[in-house]
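Colleague: Sequence:
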Amino acid sequence: MKISEIMTRNVQTTAPDTPLHQAAAAMARIDSGALLVNDGDRLVGMVTDRDIVIRAVAAGLGVDTPVSRVMSGDIHYCFEDEDVQHVASNMAQIQMRRLPVLSREKRLVGVVSLGNIAACRDAKASDTVLRGVAQAH
Numbered sequence: 000m001k002i003s004e005i006m007t008r009n010v011q012t013t014a015p016d017t018p019l020h021q022a023a024a025a026m027a028r029i030d031s032g033a034l035l036v037n038d039g040d041r042l043v044g045m046v047t048d049r050d051i052v053i054r055a056v057a058a059g060l061g062v063d064t065p066v067s068r069v070m071s072g073d074i075h076y077c078f079e080d081e082d083v084q085h086v087a088s089n090m091a092q093i094q095m096r097r098l099p100v101l102s103r104e105k106r107l108v109g110v111v112s113l114g115n116i117a118a119c120r121d122a123k124a125s126d127t128v129l130r131g132v133a134q135a136h
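Residues 0 to 136 in numbering that gives the first Met the number 0 are what the sequence shown spells out, letter by letter.
To be clear, the hints were calculated from the coordinates, so they are not data collected in a lab. Just so you know, these numbers come straight off a predicted model, no measurement behind them. Even glycine gets a Cβ: it sits at the ideal position worked out from N, Cα and C. There could be a bad hint or two in this list.
Listed next, with one range per pair, are the computed distances between beta-carbon atoms [stated by the list, open to error]:
1) I29 with R68: 17 to 27 Å
2) A57 with N37: 24 to 34 Å
3) R68 with R120: 36 to 46 Å
4) R68 with R103: 27 to 37 Å
Take the sequences, apply the hints, and build the full model.
Modeller: Below is the structure:
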């Protein structure tokens with residue numbers, strides 16, 4: 000089974016200069032804990048609810064702080080034509096709960112999450128990713 004068969008399409012993105020309060024509101028609106036950050040057509044990062052809490056709120060940054068100050072810029076990703084089991088192994092190894100999905104032309108086409116993998120009826124892939132991501136950091 001390929002990632003393109005299980006990924007979430009129509010992913011909400013934001014710009015690096017978006018204020019944190021707008022990013023948090025977008026996460027609440029779409030019921031997601033993460034937004035991908037694009038600068039034009041280039042994927043430059045990901046901001047999560049945890050990034051906002053740990054890197055902004057706990058550090059005393061204001062709600063108008065740009066997403067670029069707290070986002071993770073070291074982006075791990077997978078390709079839409081990769082095998083689910085392979086991606087699940089990679090997610091477990093790097094302990095990532097969600098990965099952007101790119102086309103081979105490096106265009107953002109979706110995101111794959113623990114939930115997508117758990118729901119895909121590939122017991123081995125589900126077990127692999129859940130065990131790996133659940134390990135203590």
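Colleague: Checking against the hints above, which ones are violated?
Modeller: none
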